[in-house]
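Q: Please take these sequences and the hints and turn them into a complete structure.
Quick mapping for you: the protein sequence lines, in order, are chains A and B.
The first sequence maps to residues 1 to 254 in the working numbering.
The second sequence maps to residues 255 to 562 in the working numbering.
No wet-lab data here; the hints were simulated from the structure.
A portion of the hints provided could be inaccurate.
As the list claims (entries may be wrong) - Among the chain B residues that face chain A by a calculated CB cut under 8 Å, a handful are:
no.	residue
1	D327
2	S331
3	N341
4	P362
5	A490
To be verified - Subject to a maximum C-alpha distance of 30 Å in a straight line, what follows is the list of computed DSSO-like cross-link-like pairs (lysine-lysine):
no.	chain 1	residue 1	chain 2	residue 2
6	A	K13	B	K382
7	B	K503	A	K253
8	B	K328	A	K85
9	B	K382	A	K85
10	A	K13	B	K364
11	B	K395	A	K13
12	B	K275	A	K85
13	B	K375	A	K13
14	B	K540	A	K85
15	B	K328	A	K13
16	A	K253	B	K395
17	B	K409	A	K13
18	B	K275	A	K253
19	A	K85	B	K503
20	A	K253	B	K409
21	B	K328	A	K248
22	B	K503	B	K540
23	B	K409	A	K248
Just so it is clear, CB atoms sit at the ideal spot from N, CA and C, and this is done for glycine as well.
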Amino acid sequence: MNVLIPLRTIIVKEIVRFVRIWPQTLLPPAITTALYFLIFGELIGSRIGMVDGASYMNYIVPGVVIMSVISHSYANVVSSFYSTKFQRNIEELLVAPVPNWVILFGYVTGGVIRGLLVGSVVALISLLFTDIQVNNIAIALSIAFLTSIVFALAGFINAILAESFDDISIIPNFVLTPLSYLGGVFFSVDMLTNIWQTLSKGNPILYMVNTFRYGLIGVSDVNIELAYLITSGFIVILASSSLFMLHKGVGIKN
Amino acid sequence: MNALSIRNLRKTYNNGFEALKGINLDVEQGDFFALLGPNGAGKSTAIGIISSLVNSTSGSVSIFGHDLQLDRDKAKSCLGVVPQEINFNQFDTVKTIVFNQAGYYGIPRKRALERTEVVLKQMDLWDKRDTVSRRLSGGMKRRVMIARAMVHEPKLLILDEPTAGVDIEIRRSMWKMMQALNDSGTTIILTTHYLEEAESLCRNIAIIDQGHIVEHSDMSSLLARLHVDHFVLDLAESLQNIPSIPGYKIELVSDKVLNVIVPKEIGLNALFNELSQLNIRVLSLKNKSNRLEQLFMDLIGSSSEGAV
Chain A
1 MNVLIPLRTI IVKEIVRFVR IWPQTLLPPA ITTALYFLIF GELIGSRIGM
51 VDGASYMNYI VPGVVIMSVI SHSYANVVSS FYSTKFQRNI EELLVAPVPN
101 WVILFGYVTG GVIRGLLVGS VVALISLLFT DIQVNNIAIA LSIAFLTSIV
151 FALAGFINAI LAESFDDISI IPNFVLTPLS YLGGVFFSVD MLTNIWQTLS
201 KGNPILYMVN TFRYGLIGVS DVNIELAYLI TSGFIVILAS SSLFMLHKGV
251 GIKN
Chain B
255 MNALSIRNLR KTYNNGFEAL KGINLDVEQG DFFALLGPNG AGKSTAIGII
305 SSLVNSTSGS VSIFGHDLQL DRDKAKSCLG VVPQEINFNQ FDTVKTIVFN
355 QAGYYGIPRK RALERTEVVL KQMDLWDKRD TVSRRLSGGM KRRVMIARAM
405 VHEPKLLILD EPTAGVDIEI RRSMWKMMQA LNDSGTTIIL TTHYLEEAES
455 LCRNIAIIDQ GHIVEHSDMS SLLARLHVDH FVLDLAESLQ NIPSIPGYKI
505 ELVSDKVLNV IVPKEIGLNA LFNELSQLNI RVLSLKNKSN RLEQLFMDLI
555 GSSSEGAV
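A: Below you can see the structure in the form of structure tokens.
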């Protein structure tokens, strides 16, 4: 069997799903981030002044963009795959000769596309408030792409393990959002005391935010090579775990 | 070649419940096969394993000679499943549901569109192709599931209680549909609680109870095992007393209706002779209940006793 056909079917289905419900998926981040830029960037940022040699507005743009990529890559996969489980249309895939890696690849690609699409929308909105000269487009695009894969995979695992709709909101609300806000989106870790700086170094989102920031404005609190290593490591671990769970039928088979 | 071969299939769930205790089953190519059993007997578990929705504990399943573990893709390609519960995305259109399923089986786009049209027309759903599926009636939703299961032209189709909860008219039309599919060469395995359905459609039968196959034979030899028939007689005039006729067990259902249990070795002639002598005029008679139901109860009853 040509596995590209089921793969394309899943990806198209996923794209159609989030485009069909665009008022829930694409519009809210545009409005929320416009408010971030207006309040934090324009009103408060003008009093903060420069951070690491960049205006505060320019400093927070990369963080807000990558935060949107993270939350939407995750949200797309966790809600879509859990709904598929909940409505039992996962059975359509399980009865067919679709390899597990195709299921994973298809759903993750859907999440990556939505994450990057929302990130692009947020980046375009930021242009209404500031003008950024991109430092290194390859680094910016590659880390955004890898970051979206990490969180799409994490969303997939959350959906596999979830047994109720409550379970798919716990991680985004109580883990992802705090880690994103504490991951240097709105501040430099240099502003923190030593103990908090050390703790922040254990937050993987810090590396992704700062590498993306480096790609856009040339400013970073972390080592770029280490950031790539950490992000790639997470992809390997999360992808292997997802495939193992699919193979065992965790959460989807009795 | 067998359409389905099951060997020593066992399933023990995590809570320790042993749903299947080593069943063996063969279904011949082209058969219309009934898999019956009371609730909790193990038939849904068996169908779940055949459909790759449940992991077996041990044993093997092969579909048209392809082992489900070793030759997974070919085995799955031979199989179509119509589940008991609605399990498609109710926000998708009818056409999308069927077309996407063709994609999951690796059917190229052009061919998938052709097949979608063919099966939707076959199921009388082509006019509803752009309707969002949650707006369909219950009977139409079930036909969508049959169309979806048929889109990749499976050689074996499993229908898990396809007529549960649908009205008599839809049930009859679905019977015709299933019969037509079988006539066109598709092997069908049917599970149902309507034993009349199994009796009128299926050629072979297996009855599963408490994780064991308690009966596996052809329908006619199974029915031949019944020693009695139940008839209901509609009478022309009211009766005050139950007539006593040697060899027959007679009950008065109402003043003009008799329920008669007729031993097969005696037959009906003697009954009518006796009734004529008693000046009891019979307007019509009908078989009281379907015969399979009686056998089913006998088999399940003896199985339960054995288990105790």
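Q: Confirm or reject each hint.
A: Verification of the hints:
1. D327: holds (4 Å)
2. S331: Constraint on S331 of chain B satisfied, holds at 6 Å.
3. N341: Constraint on N341 of chain B satisfied, holds at 4 Å.
4. P362: holds (6 Å)
5. A490: violated (55 Å)
6. A:K13 to B:K382: Holds. K13 of chain A to K382 of chain B sits at ~20 Å (cutoff 30 Å).
7. B:K503 to A:K253: violated (52 Å)
8. B:K328 to A:K85: Holds, because 25 Å separates the two Cα atoms, which is no more than 30 Å.
9. B:K382 to A:K85: Roughly 26 Å separates the two Cα atoms, so the pair holds.
10. A:K13 to B:K364: Holds. K13 of chain A to K364 of chain B sits at ~17 Å (cutoff 30 Å).
11. B:K395 to A:K13: Measuring from Cα to Cα gives roughly 20 Å; hence the hint holds.
12. B:K275 to A:K85: Holds, because 28 Å separates the two Cα atoms, which is no more than 30 Å.
13. B:K375 to A:K13: holds (24 Å)
14. B:K540 to A:K85: violated (48 Å)
15. B:K328 to A:K13: holds (25 Å)
16. A:K253 to B:K395: holds (24 Å)
17. B:K409 to A:K13: holds (27 Å)
18. B:K275 to A:K253: Roughly 19 Å between the alpha carbons, so the hint for K275 of chain B and K253 of chain A holds.
19. A:K85 to B:K503: violated (55 Å)
20. A:K253 to B:K409: Judged against 30 Å, a Cα distance of about 25 Å means the pair holds.
21. B:K328 to A:K248: Holds, because 21 Å separates the two Cα atoms, which is no more than 30 Å.
22. B:K503 to B:K540: Given that 30 Å is the threshold and the Cα spacing comes to 16 Å, the pair holds.
23. B:K409 to A:K248: It holds: about 28 Å lies between the C-alpha atoms, which stays within 30 Å.
In the structure shown, a violation is registered for the earlier hints numbered 5, 7, 14 and 19, in ascending order.
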